[in-house]
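Those sequence lines, one after another, are chains W and Y. Position 353 of the first sequence, counting from 1, maps to 353 under our numbering, and the rest follow consecutively. Position 66 of the second sequence, counting from 1, maps to 66 under our numbering, and the rest follow consecutively.
If you are wondering where the hints come from, they were derived from the structure by calculation, not from laboratory data. Just so you know, not all the hints are guaranteed correct.
[Stated by the list, open to error] Below are the DSS-like pairs computed for lysine-lysine, each with C-alpha atoms no more than 25 Å apart in a straight line:
hint	chain 1	residue 1	chain 2	residue 2
1	Y	K69	W	K164
2	Y	K69	W	K112
3	W	K150	W	K208
4	W	K164	Y	K88
5	Y	K69	W	K205
6	Y	K44	Y	K76
7	W	K205	Y	K89
8	W	K203	W	K383
9	Y	K89	W	K203
10	Y	K98	W	K278
11	Y	K76	W	K235
12	W	K25	W	K396
13	Y	K98	W	K208
14	W	K164	Y	K98
15	W	K203	Y	K88
16	W	K203	Y	K44
17	W	K205	Y	K98
18	W	K208	Y	K89
So you can see what is in the structure, the chains are spelled out below.
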Amino acid sequence: MKQTKRLVILGAGTAGTMMANKLRKELDRDEWEITIVDQVKTHYYQPGFLFIPFGIYKKEDVIKPKSDFLPIGVNVIFSEIDKIVPDENKVLLTEGSRVLKYDFLIVATGAKTAPEETEGLAGELWYKDIFDFYTIVGAVALADYFKTWKGGKLVINVTEIPYKCPVAPLEFAFLADAFFTNRGMRDKVDITLVTPLSGAFTKPKATKLLSSLLEEKNINIIPDYNIARVDNKEKKIYDYADQEVAFDCLVTVPTNMGDAMVARSGMGDDLNFIPTDKHTLRAENHENIFVIGDAANIPTSKAGSVAHFAGEILTENLMCAIEGRPFTASFDGHANCYIVTGNGMGTLIDFNYDTEPLPGTFPLPGVGPFGLLKVTRMNHYGKMIFRWMYWHILLKGKEMPISSQMSMAGKKL
Amino acid sequence: MSQKEYAGVSIAVNDEGYMTESSQWTEDVAKAIAAEEKLELTEKHFAMLKYIRDRVAKGESLTIRGIGKSGIVDIKEFYQLFPGAPLKKATKIAGVPKPSSCI
Ligand SMILES: Cc1cc2nc3c(=O)[nH]c(=O)nc-3n(C[C@H](O)[C@H](O)[C@H](O)COP(=O)(O)OP(=O)(O)OC[C@H]3O[C@@H](n4cnc5c(N)ncnc54)[C@H](O)[C@@H]3O)c2cc1C
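Construct the entire structure; sequences and hints are all you get.
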């Protein structure tokens, strides 16, 4: 009889849940024990948070019990993770001071908002006139606030790069425009997007389309802006050159950081993201640790779609590592993001480390084609269908009809 | 890709004026690029440029937060040294690629 080996997965969010499902199928049950750890029992569909402030989704629409998505044959532990001790191949849990030993470790502890990183942000006006929509609490509080808001200066500010789902702040601006238009009070709301990026997006072709949409919808943009502090009395934000922007309602995307557990383990960079090989997905300094999802420092979007594509690569490379073969799969940074533009319309971008989002059509067997960098009704449905796909296909680790490597089919240079 | 003359040397630059051959960089070239940006370089500037070149040579990414932790300047001082869009300006003068904020 073979000795049992242990695979431990840290975090049962999008990426961890998906990996548990994929690997339980892949690894021999007699030979491999799989354990997954998370501190909360509820799974949040984070892309749905965007719609909550505008009453399109309610809290119930974005939550389900984590246990519904974890496969039989995987040990599930609900506890905070204290830290990883990589040199001893073990993980310490807060609950009952438990110790988990591992042969291979997958870190999928994601990223979270850290408003306390910016002076005055989590101050007097927090959840009074300053909100985030990256947490369920913030999104629900903002929905309540908008119900009776009389209008004024709505400032949407991105604090720092990188942040999850880079198009979400733009989508928020588009949805706000539609929401206040439909309420007959758009003339009372002045919408401004204040961002550290040099424009609406980083890459030229997507920036062009998205900037023209902002203009069309009368949304102002202030680029190259790095917020330094918030003055709660004056209701103004300031950057490091003291450039001020006044607000009545500030919607912030606070600094996004990896979990403090990463710092406690001594494994993170300045923002607690784990240095990870962008092609193999192995932690740079640790042979038997892989990193997937928002927790990794790889230079692509922090998005569920990215975690999905990376999942196939990770599965293959983990098998290589287990069997002592050279890695055969290489991640290309593939991201595929639907962008809602308001009033039942949307656009789509598909890109990777080397290829910027290009216009054209995106073939999706059975459903598509979708228009790339075009505003269509079909793309809006794409985003709405994504929730169904997320719960039923992505988390379960099933194959989606999109390949993990980006394809040039349909794209126009 | 084109060539531009700085401090009497022909330097390879891209469409946005960023040097493409980091090895062509010298302090005189830096001064000449800075002059175009209407900046006169002090010792503090050079300390920062050196820090930036070192980070890039090591393949590390440059962020405003990282600059704040450089131990040379805080972010506010960095803005004073390279007013406007400081990271873009500083990288241009340091002869390294414009930081690509990947998303
Ligand atoms: C507003 C918003 C809109 C978005 N829109 C989109 C979109 O349209 N398309 C898209 O593809 N992506 C979108 N995303 C991004 C997507 O949700 C994330 O990229 C994805 O969920 C990342 O998965 P993950 O597994 O890395 O992290 P998560 O799903 O966040 O999971 C991390 C898990 O680790 C656990 N954990 C962390 N630290 C510890 C600890 N110390 N102890 C125990 N447990 C711990 C957490 O409890 C959590 O369950 C959006 C995100 C937001 C916030």
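Quick rundown of the hints versus the structure:
1. A threshold of 25 Å between alpha carbons decides the hint, and for Y:K69 with W:K164 the separation of about 23 Å falls inside it, so the pair holds.
2. Between the alpha carbons of Y:K69 and W:K112 the distance comes to roughly 21 Å, so the proposed pair stays at or under 25 Å and holds.
3. Between W:K150 and W:K208, the direct Cα distance comes to roughly 32 Å. Violation of the 25 Å bound is thereby established for this hinted pair.
4. Between W:K164 and Y:K88, the direct Cα distance comes to roughly 23 Å. Compliance with the 25 Å bound is thereby established for this hinted pair.
5. A distance of roughly 34 Å separates the Cα atoms of Y:K69 and W:K205; the hinted pair therefore is violated under the 25 Å criterion.
6. The hinted pair formed by Y:K44 and Y:K76 meets the criterion: a straight-line CA distance of about 13 Å does not exceed 25 Å.
7. Between the alpha carbons of W:K205 and Y:K89 the distance comes to roughly 23 Å, so the proposed pair stays at or under 25 Å and holds.
8. For the suggested pair W:K203 and W:K383, the alpha carbons sit about 21 Å apart, so the restraint of at most 25 Å is met.
9. A distance of roughly 19 Å separates the Cα atoms of Y:K89 and W:K203; the hinted pair therefore holds under the 25 Å criterion.
10. For a cut-off of 25 Å, the pair hint linking Y:K98 to W:K278 stands: about 20 Å separates their Cα positions.
11. Taken as a hint, the Y:K76 and W:K235 pair is honoured in the structure, with Cα atoms around 21 Å apart against an allowance of 25 Å.
12. Taking the CA atoms of W:K25 and W:K396, the gap is about 11 Å. The hint holds against a cut of 25 Å.
13. A hinted pair counts as satisfied when its Cα atoms are at most 25 Å apart, and Y:K98 with W:K208 qualifies at roughly 20 Å.
14. Note on W:K164 and Y:K98: the hinted pairing holds, with a Cα-Cα distance of about 22 Å set against a maximum of 25 Å.
15. Taking the CA atoms of W:K203 and Y:K88, the gap is near 16 Å; set against the 25 Å cutoff, the hint holds.
16. For a cut-off of 25 Å, the pair hint linking W:K203 to Y:K44 is broken: about 32 Å separates their Cα positions.
17. Between the alpha carbons of W:K205 and Y:K98 the distance comes to roughly 18 Å, so the proposed pair stays at or under 25 Å and holds.
18. Restraint check for W:K208 and Y:K89: the C-alpha separation of about 23 Å stays at or below 25 Å, so the hint holds.
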